[in-house]
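Number of protein chains: 4
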Amino acid sequence: MAIDRAPPQFYALFVHKLAIGVLGASGYAGRELCELVARHPSARLAFASANERVGASARFGGTEHTFVAAEDARLGDAALVFSALPHGASAQWVSAAHAAGAKVVDLSADLRPGSSAACVPYGLTEHARELVRDAEIVANPGCYPTVTLLALLPLIARGLVAPGATITVNAASGVTGAGFSPRRELMFAEVAEDFRPYAIGNTHRHLAEMRAVLAELGCDADLIFTPHLLPVARGILATITVPVAEPIEDVLAPWREHYAGEPFIEVSAEIPALRDVVHRNVVRITATVAAGVRTPTIIVVAAIDNLVKGAAGQAVQNANLLLGLDETMGLPA
Amino acid sequence: MAIDRAPPQFYALFVHKLAIGVLGASGYAGRELCELVARHPSARLAFASANERVGASARFGGTEHTFVAAEDARLGDAALVFSALPHGASAQWVSAAHAAGAKVVDLSADLRPGSSAACVPYGLTEHARELVRDAEIVANPGCYPTVTLLALLPLIARGLVAPGATITVNAASGVTGAGFSPRRELMFAEVAEDFRPYAIGNTHRHLAEMRAVLAELGCDADLIFTPHLLPVARGILATITVPVAEPIEDVLAPWREHYAGEPFIEVSAEIPALRDVVHRNVVRITATVAAGVRTPTIIVVAAIDNLVKGAAGQAVQNANLLLGLDETMGLPA
Amino acid sequence: MAIDRAPPQFYALFVHKLAIGVLGASGYAGRELCELVARHPSARLAFASANERVGASARFGGTEHTFVAAEDARLGDAALVFSALPHGASAQWVSAAHAAGAKVVDLSADLRPGSSAACVPYGLTEHARELVRDAEIVANPGCYPTVTLLALLPLIARGLVAPGATITVNAASGVTGAGFSPRRELMFAEVAEDFRPYAIGNTHRHLAEMRAVLAELGCDADLIFTPHLLPVARGILATITVPVAEPIEDVLAPWREHYAGEPFIEVSAEIPALRDVVHRNVVRITATVAAGVRTPTIIVVAAIDNLVKGAAGQAVQNANLLLGLDETMGLPA
Amino acid sequence: MAIDRAPPQFYALFVHKLAIGVLGASGYAGRELCELVARHPSARLAFASANERVGASARFGGTEHTFVAAEDARLGDAALVFSALPHGASAQWVSAAHAAGAKVVDLSADLRPGSSAACVPYGLTEHARELVRDAEIVANPGCYPTVTLLALLPLIARGLVAPGATITVNAASGVTGAGFSPRRELMFAEVAEDFRPYAIGNTHRHLAEMRAVLAELGCDADLIFTPHLLPVARGILATITVPVAEPIEDVLAPWREHYAGEPFIEVSAEIPALRDVVHRNVVRITATVAAGVRTPTIIVVAAIDNLVKGAAGQAVQNANLLLGLDETMGLPA
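Protein chains in written order, with the numbering used here: chain U, 1 to 333; chain E, 1 to 333; chain V, 1 to 333; chain W, 1 to 333.
Hints are computed from structural coordinates only; laboratory data are not their basis.
The C-beta atom is built at its ideal place from N, Cα and C for all residues, glycine as well.
Possibly wrong hints are sitting among the right ones.
One side only, chain U facing chain V, incomplete, derived with CB under 10 Å [as the list claims (entries may be wrong)]:
id, residue
1, Y28
2, A58
3, G61
4, T63
5, E64
6, F180
7, R183
8, R184
9, E185
10, L186
11, M187
12, A192
13, Y198
14, A199
15, N202
16, P231
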């Protein structure tokens, strides 16, 4: 009976905690990362950099942490460094951290497929698990590509997408996807009771990343991607229309087979909603056959938390692999 | 100078006001209708029926009105009757009001194209203005069909939709579109911070209405329609992907030409948002060419207030035509 | 019958429109003012200044207007100028506009009671109507003082507040009350699903204004004022606890008497809510006796739209008086 | 190093889990309870009753559970039973569960102070810890009394409230406080962008509970309590004005001393906000001196999650004591 009373901290005493650093800790994704690291059973937050908030402090995992300048972060002390620095500013810090001996997960777009510097594994974990496990640096996918590609992979892998088809992706994201810097169009009185698309006409910068992965997989489909801004804080939901080569009898089978045993992928006949996935490192997926059309077409709906599975959570999932830990460790499923 | 001080009521003294009745006045669309009628410069609210609220009262146009039972409504006294009764219950009251001598605008689906009883003009005003003007009964379009069809008509009319194409319509609606009856899934704590599709797989009942109109216009395109529930009170935004027969140079030209001079249609290069259209009887439309795809494709975005242009406002627009009044009268543009 | 068809614009042809200017037109109150002026039956928007948006344009009253620099505004051409400039920056422009021959309504705090420069009538219209009518410059009240003072005046005027009492004012405001400048704490993801007080301990700058008016009326009550930030765009609701000298039998009578015939004050036994007042130039008030306490105490609840009755609407109400127009002209009741 | 990899489930194998039942599991508080029980390291969810959803299932703690009828719940198998049944219906089930041998935490008002049947300890845990530890049945406090009383206790215990004073409590709650049954006034389109008080004039049923505790402590202050409905899902914030017998130099000292070492009470100079407390079993409190008034007055602000510290969380806290477990077990701090 005595063991009933022992708090989790008791066991923690015996656990060696790995030093983990976070660069760019003051944005939404950076803070989410710090929180996950601070609560991770096998990690401790060694440093958190935030150049515009140096000296300020914040609570992560119930403990006060003081932000340092990136220049002052002791990169070499960390077993692994996450970079949540802005696109363009991240690549050099990834190199610096790696040169200092740390493994690195880069949440920026700098090293992702479609970028000029793409040369490290693309950490869409369920797709590239073995590559990630052997890597030293991983490019963490963007939020929209995560939900879109995880939704499409089973169809692509099975050659089910109709040749030359156009795949239509309509996605809607909560405002944390637009960053933590104050901008008028993100103010409460501007966003509440509103809804609007942006980057229409296939101009969103995440398209290159998605197309590169499709091309790599030999899928020649065109992609039309239209993001929308939702009056919610968190979450992305994508509604995807895919012309298929031939009718599929058991419409969920491709996902059920492809993702069998995956701890963070939930395939279900129920329609996903944001509230099913927020604050969790999961993607929820359903698929259905479009009735009453001549071209056999599948409608896939997938949802994630843009800050968790779409950013910090997937980054920790990749970090777990890089560090030889259990992939699910410290992640809210 | 004296005329400066004369309040609008002054002129109203000289204006003959037509008696207008509303059946089914307690739902969101019914109340919006009562308000528009009560503020209409040439109309007065002769009766408002609400069977579950008989004897209760509500303010419309700043004046207290008492709800009557439909049975007690003096249909014959009205120049025109709006029916905002539920689908299935409306058709018989439309007949009764017409038999009593009133013109009728029916907001239910009972008489719309695609229904078995469709035999009256379909009041998509900008499309069927002349038919409406000569009618005695008009079937007012549903909210999703209004925004979708007004967005598509210029392409269809010009034969620009690629033959055999699949048109993908993703639409998102505020919760007033789901009605005024208390349901758990519409409660604040269930809807806030959420977003989800419903009726996926082309199962929404509005599809019949949209397809019937497309067919009537000789458009053989397939339609895939996926509605979503937004955490906002009002508004519908539709993002529509249309494969076109050939590239269009001036992408807005079809809409600008088709809707030239229309008082309630705003074509613009700006991307529409819900807040541009709520509480207004307008549809805002933009279109853009999808970049980086082989099949020439246009993305059309259109937004309306589901209760105004998508219901009560368009109903008043039709009523104005039926009554020989100026089409814009009493409508917030 | 012909007159049925004449649109409101018909009558407008005969109406001389007064030139009205707005300084500081880009904030929430400034834009609301421009809209009210542009739709006012006896006014036209002569200029709208917005120093950080010079050359940009916006639609007011359905017409495009181009923002000018304050320096370029032709103050002398205007019959009346509204200043919605920031506190501190406004007073000098009020003087300049007045020197140029215009009447002025100043929406800033610069000339309000409690400020060092207070020397013009305080435009709490229902309280100071005659003073305003004869003035050339009026200091328009702040949003919190408007709702608080209108709620308290009938008790104060009747000497009903207990001598030496402490009046407790808890008020909650939508985020437009915090201004249009982007600030992190006003972003959607920070405000949604939150609620918090601010300036606790009687430190809000509006207190001086409220106390000055109380003192002027000979009311010696102490005031404790705690504002809160609501996750809504518009509206202020104040819940006010007032110890009274003796029990009041007909608790609504003081308000009903005091405000008899007032077009913009709604006294009712129904509890006011924000949605009763938004987009309207009204204050809704109820009062009730606190049960089960030894000190006779009245709870007064009042609600306004902070941008209309709490700012731009009341400013137009005052302008109407200054210009010898009907006080209600151009105002949404 | 091996121990690094052992998942938490590993240790759970050695832990005896106590059987816990939940009556009335389908409301917001009931579901929150089931979730806390299912995730509790020393408990397992033995049954969850929900009379209107018998046979339906829901996921708690990641596992599917099927609702039973209360009549079919095996009360005698449970070490402890929570009753989240409606007021009036709960007391008889509390007796039945107790008669069957279970300890009971009753979340209804049936046995609370101020009710006719009050005869069991009132589980305001920080106030009555020793009584609860020795009890078999505990009446769990209401949400408003929890936040109000925890905010006031330090002042009352120190005799700091001015004799004969009136304490003014303005509290605002998220809509989950109003229950899970569909009601029109709780629908999204009715609540969003709104704010309103209710039960004004000291008529809320929670007042009896608060007054009874004050009386028991010898505090003769009058209480004026005005609740408000917020457009948020969760959380209560109370702003409380307390006339004090004499000025307090270190205004936070009473709370810091009174609650020293309390794991679930956070006293801070920072102003509490709902987002600091949601999904956590804590109350956050600050206090400040009202400036510029003759009667020395303290403003206390306190916030809780109405479903956690205000209901299910505090219920588990009490259950931990009743069962001899660590008080903090299974609770999110």
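For each hint, the structure was consulted:
Taking 10 Å as the C-beta cut-off, the interface hint given for U/Y28 holds, the closest approach to chain V being about 7 Å. The criterion of a C-beta within 10 Å of any C-beta in chain V is not met by U/A58, whose closest approach is roughly 13 Å, and the hint is violated. About 21 Å separates the beta-carbon of U/G61 from the nearest beta-carbon of chain V, more than 10 Å, and the hint is not met. For U/T63, the suggested interface contact is broken, since its CB lies about 23 Å from the closest CB of chain V, more than 10 Å.
Hint status for U/E64: violated, given a least beta-carbon distance of 20 Å to chain V, over 10 Å. At a threshold of 10 Å, the smallest CB-CB gap from U/F180 to chain V is about 7 Å, leaving the interface hint in force. For U/R183, the suggested interface contact is upheld, since its CB lies about 6 Å from the closest CB of chain V, less than 10 Å. The closest approach between the C-beta of U/R184 and any C-beta of chain V is roughly 5 Å, which is under the 10 Å cut-off, so the hint is satisfied.
Taking 10 Å as the C-beta cut-off, the interface hint given for U/E185 holds, the closest approach to chain V being about 9 Å. At about 5 Å, the closest approach between the beta carbon of U/L186 and any beta carbon in chain V falls short of 10 Å, and the interface hint on this residue holds. Given the 10 Å rule on beta carbons, the hint for U/M187 holds: about 5 Å separates it from the nearest Cβ of chain V. Taking 10 Å as the C-beta cut-off, the interface hint given for U/A192 holds, the closest approach to chain V being about 6 Å.
Interface restraint check for U/Y198: the shortest CB-CB distance to chain V comes to about 15 Å, outside 10 Å, so the restraint is violated. Because the beta carbon of U/A199 sits about 19 Å from the nearest beta carbon in chain V, more than 10 Å, this interface hint is broken. Taking 10 Å as the C-beta cut-off, the interface hint given for U/N202 is violated, the closest approach to chain V being about 26 Å. At about 7 Å, the closest approach between the beta carbon of U/P231 and any beta carbon in chain V falls short of 10 Å, and the interface hint on this residue holds.
Checked against the numbered hints above, the structure breaks hints 2, 3, 4, 5, 13, 14 and 15 and satisfies the rest.
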